[in-house]
Amino acid sequence: MKRPSLSVAILFEIALILRVWQIWTAQLWYDEAFTLLVARLSLPDLITATAGDVHPPLWYLIEWIMIRVLGQDVWVLRLPSLIASMWGMYLTYRLGQRLNLSHSALVAALGFMAINGVQIWYAQEGRMYALLQALVLVQVLSVLERRWSWLFLSTAAALWLHNYALIYMAVIGLFAMENEWRQPDRKIKRVILAMAGAVALWLPWVVALYLQMSQVAAGYWIQDFRLGTVIYCLSAILWSFVMDGPMESIAPMVTIGALSLALVRAWQRREHGVLIWIGLAPLILVVIASIIWRPILLYRGLIGSVPALVLLLAETLAGQRQSAVNRWIAGVIVLPIMLAGMITIQGAYVKKGHDALLIQQYVSDFGPEDVIIHFNDGSWVIFRAFSDLPQLELETDCPDPVGSLSQVTRGTLGVERITLDDARRKYRHVYLLGGVGSTGSLCEQDNMARLVDTADDELYRNNARYGLTGIWRFEGYAKSKR
Amino acid sequence: MSTFYYLWVERLAQRDMYIEQMAFLAVAIVAVWCAVDVWPPSWQVWIKAAYRVGGLVLFALTVAVAIRAAL
Numbered sequence: 001m002k003r004p005s006l007s008v009a010i011l012f013e014i015a016l017i018l019r020v021w022q023i024w025t026a027q028l029w030y031d032e033a034f035t036l037l038v039a040r041l042s043l044p045d046l047i048t049a050t051a052g053d054v055h056p057p058l059w060y061l062i063e064w065i066m067i068r069v070l071g072q073d074v075w076v077l078r079l080p081s082l083i084a085s086m087w088g089m090y091l092t093y094r095l096g097q098r099l100n101l102s103h104s105a106l107v108a109a110l111g112f113m114a115i116n117g118v119q120i121w122y123a124q125e126g127r128m129y130a131l132l133q134a135l136v137l138v139q140v141l142s143v144l145e146r147r148w149s150w151l152f153l154s155t156a157a158a159l160w161l162h163n164y165a166l167i168y169m170a171v172i173g174l175f176a177m178e179n180e181w182r183q184p185d186r187k188i189k190r191v192i193l194a195m196a197g198a199v200a201l202w203l204p205w206v207v208a209l210y211l212q213m214s215q216v217a218a219g220y221w222i223q224d225f226r227l228g229t230v231i232y233c234l235s236a237i238l239w240s241f242v243m244d245g246p247m248e249s250i251a252p253m254v255t256i257g258a259l260s261l262a263l264v265r266a267w268q269r270r271e272h273g274v275l276i277w278i279g280l281a282p283l284i285l286v287v288i289a290s291i292i293w294r295p296i297l298l299y300r301g302l303i304g305s306v307p308a309l310v311l312l313l314a315e316t317l318a319g320q321r322q323s324a325v326n327r328w329i330a331g332v333i334v335l336p337i338m339l340a341g342m343i344t345i346q347g348a349y350v351k352k353g354h355d356a357l358l359i360q361q362y363v364s365d366f367g368p369e370d371v372i373i374h375f376n377d378g379s380w381v382i383f384r385a386f387s388d389l390p391q392l393e394l395e396t397d398c399p400d401p402v403g404s405l406s407q408v409t410r411g412t413l414g415v416e417r418i419t420l421d422d423a424r425r426k427y428r429h430v431y432l433l434g435g436v437g438s439t440g441s442l443c444e445q446d447n448m449a450r451l452v453d454t455a456d457d458e459l460y461r462n463n464a465r466y467g468l469t470g471i472w473r474f475e476g477y478a479k480s481k482r
Numbered sequence: 001m002s003t004f005y006y007l008w009v010e011r012l013a014q015r016d017m018y019i020e021q022m023a024f025l026a027v028a029i030v031a032v033w034c035a036v037d038v039w040p041p042s043w044q045v046w047i048k049a050a051y052r053v054g055g056l057v058l059f060a061l062t063v064a065v066a067i068r069a070a071l
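In order, the protein sequence lines correspond to chains A and B.
Residues 1 to 482 in my numbering are what the first sequence spells out, letter by letter.
Residues 1 to 71 in my numbering are what the second sequence spells out, letter by letter.
The set of hints was computed from the structure by calculation and includes no laboratory data.
Mixed in with the good hints there might be a few duds.
[To be verified] Simulated restraints on C-beta separations:
(1) A:R147 <-> B:C34: 36 to 42 Å
(2) A:R186 <-> B:Q21: 44 to 50 Å
(3) B:M17 <-> A:A170: 41 to 47 Å
[Claimed, not checked] Some chain B residues well away from chain A (every beta-carbon gap over 10 Å; in silico):
(4) W43
(5) V45
(6) T62
[What the hints assert, rightly or not] Here are a few chain B residues that face chain A, going by a calculated C-beta distance under 10 Å:
(7) L12
(8) R15
(9) Q21
(10) V30
Glycine is no exception: its CB is placed at the ideal position from the N, C-alpha and C atoms.
Work out the full structure, taking the sequences as your base and the hints as a guide.
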C-alpha cells in the first residue's frame with residue numbers, strides 16, 4: 001500500500017484531537033445511561049435485559065468488560081467508540097486506496113470524516129454506531145481483498161452488534177457474489193460459507209430478535225415516513241441530526257444535489273458501482289422493508305453507508321477530473337453546511353445528559369426518608385445511571401408511551417412503580433420529576449398537569465419539548481401527621 | 001399514532017414536506033448542470049457563469065444562516 005501523505009497524517013491527527021476533546025465532560029444522555037445500567041448487571045441479567053430491548057448484546061458485553069476494567073466514568077463508556085471511529089477512518093482511507101480514488105478525493109473524504117459533526121458525535125457516544133460503521137467497512141474490504149475469515153468474523157460481530165447488520169449483510173453478500181463472479185478463479189462457495197457461518201453463529205439470538213421486533217414495531221425512533229423523511233435520514237447521518245431552521249432544508253438539498261451529480265457522473269463513466277451499492281442499497285432495502293413489512297427507517301443505522309457515500313461524493317466533487325473552479329465551488333457550498341453541522345452537534349453534545357446535573361442541583365437537600373419519583377423512563381434511566389438515591393417510577397392509568405422500556409427490561413433493571421398517594425404515605429418528601437418526549441401521550445400530559453397542581457413546592461420548571469420539564473416537591477407522611 | 005404528542009408529529013411532517021421541495025429543486029439544478037455539456041458552447045459559458053454566481057450567492061446565504069444558527 002502507498003505511504004500516506006503528510007496531509008492524510010495531519011487529518012488523522014485532527015480527527016483524533018476532535019474526538020478526544022471533551023469526551024470526558026458531557027454527562028450520559030438516555031441511550032448511554034441505559035447502556036451503563038445494562039452493563040452494570042450480571043451477565044445473565046444483561047442478556048435478559050437486552051433481549052427485552054431493541055438491540056443485540058455485543059455492545060453491552062463490550063461495555064460490561066470496560067466498566068469492570070476501567071471504572072464507570074463517562075469516558076470509559078465512550079472509549080470503544082473513539083477507537084472504532086479512528087479505525088473507521090483508517091478503513092475509509094484503505095477503501096479509497098483499494099478503489100484507486102484520486103489523492104485529492106481521498107484527502108477531501110478524510111477531511112470530511114475528520115471534522116464531521118456526526119462522526120465526532122458517534123466517536124464520543126457510548127453506543128454501538130461507530131463500531132457498526134467500522135465493521136461494515138471491514139466486511140466490504142474483506143470482499144475486495146478476498147479475506148474470507150475476516151468476512152465471516154466481521155459479519156458475525158456486526159449481527160451481534162446491531163439489527164441493521166442484517167441489511168448490510170444482504171447488501172454486502174450480493175456484492176461479494178457479483179465481485180467473485182467477475183474473478184477468473186471464482187470463490188463463490190467461500191462467500192456463501194463465510195456468510196452462512198456468520199448467520200449460524202448468530203442464530204441463538206433469532207428468538208430474542210423475533211420478540212424484540214414485536215415489541216418495537218412502532219418505537220418512536222422509527223418514524224413513519226415519506227420521501228422527505230428518507231432524504232432527511234440521509235442528510236442527518238451525513239451532516240447533523242439536530243439542525244434547525246433553514247439549514248434543516250438546505251443540508252438535504254445539497255445532499256440530494258451532490259448525490260444526483262455523483263450518480264449521473266458515475267453512470268456516464270460506468271464507475272464507482274461499489275460505492276453506489278454500499279452507499280445507497282442499504283437505504284433502499286430499508287425503505288422496501290418499511291413499505292412491505294413495518295417501519296424500520298432509522299438514520300443512525302445508515303452510518304455503515306456513510307464512508308462509501310463520502311468517498312463517492314468526494315471523488316465526484318473533489319476528484320482529479322474536476323476543474324479547480326468546480327472544486328472550489330463545491331468546497332464553498334459544502335464547508336458552511338459542514339460547519340453548521342459541527343456547531344449544532346457540538347451544541348447538542350454539551351447539553352448531553354444535562355438533566356442529570358439539573359436534578360442533582362434541585363434535590364440537593366434530599367433526606368434519608370425522601371424519594372424521587374420519575375414521571376416516565378426518560379429521567380429514571382438518566383438519573384439512575386448518575387445517582388444511587390432511591391428512585392421509583394410513577395404508576396398512572398395512562399398506557400405506557402410508545403418506545404418505553406419493556407416489562408422484561410424494567411424488571412431486570414429494577415424499575416419499581418408507585419402511585420403518588422402511596423409514595424406520600426410512605427416517604428417524608430416526594431420529589432416528582434416531570435419529563436416529556438416525542439412519544440408522550442396527551443393522557444400523560446393531562447395527568448402531569450393535574451398532579452403538579454397539588455405540589456407543595458415547584459423547584460424547577462421549563463418549557464422544554466424534550467427531556468426534563470420540572471421538579472416538584474410533595475410533603476409526605478410528615479405533613480399528614482401534622 | 002394517536003398516542004404521539006401531536007405537535008411533534010406535525011412538525012416532522014412539515015419538515016419532510018420542505019425537504020421534498022428542496023430536494024426537487026436540487027435535482028432540477030443538477031439536471032440543468034449536466035445538460036449544459038450537450039448545449040451549444042456559447043450557452044455553456046453563460047449558464048456555467050450563472051451557476052458560479054448562484055453558487056456564490058448560495059454560499060453567502062448558507063454562511064449567513066450558519067452564523068445566525070451559531071449565535
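Right, here's what the structure says about each hint:
1. One distance hint, 36 to 42 Å for the beta-carbon pair R147 (chain A) and C34 (chain B), holds here, with the actual separation near 38 Å.
2. The hint said 44 to 50 Å for the Cβ distance between R186 (chain A) and Q21 (chain B), and at roughly 47 Å that hint holds.
3. Distance hint check for M17 (chain B) and A170 (chain A): the Cβ-Cβ separation is about 31 Å, which falls outside the suggested range of 41 to 47 Å.
4. Every Cβ of chain A is farther than 10 Å from the Cβ of W43 (chain B); the closest lies at roughly 18 Å, confirming the non-interface assignment.
5. Every CB of chain A lies more than 10 Å from the CB of V45 (chain B), the least distance being 13 Å, so the non-interface label holds.
6. Interface exclusion of T62 (chain B) from chain A breaks down, the closest Cβ pair being 4 Å apart, not more than 10 Å.
7. Given hint, L12 (chain B) at the interface with chain A, holds; its Cβ is 7 Å from that chain's nearest Cβ, closer than 10 Å.
8. The beta carbon of R15 (chain B) is positioned within 10 Å of a beta carbon in chain A (closest approach about 6 Å), and the interface hint is therefore held.
9. Contact between Q21 (chain B) and chain A, as hinted, is supported at the beta carbon level, the nearest pair being about 8 Å apart and thus within 10 Å.
10. The beta carbon of V30 (chain B) comes within 4 Å of a beta carbon in chain A, closer than 10 Å, and the hint placing it at the interface holds.
Checked against the numbered hints above, the structure breaks hints 3 and 6 and satisfies the rest.
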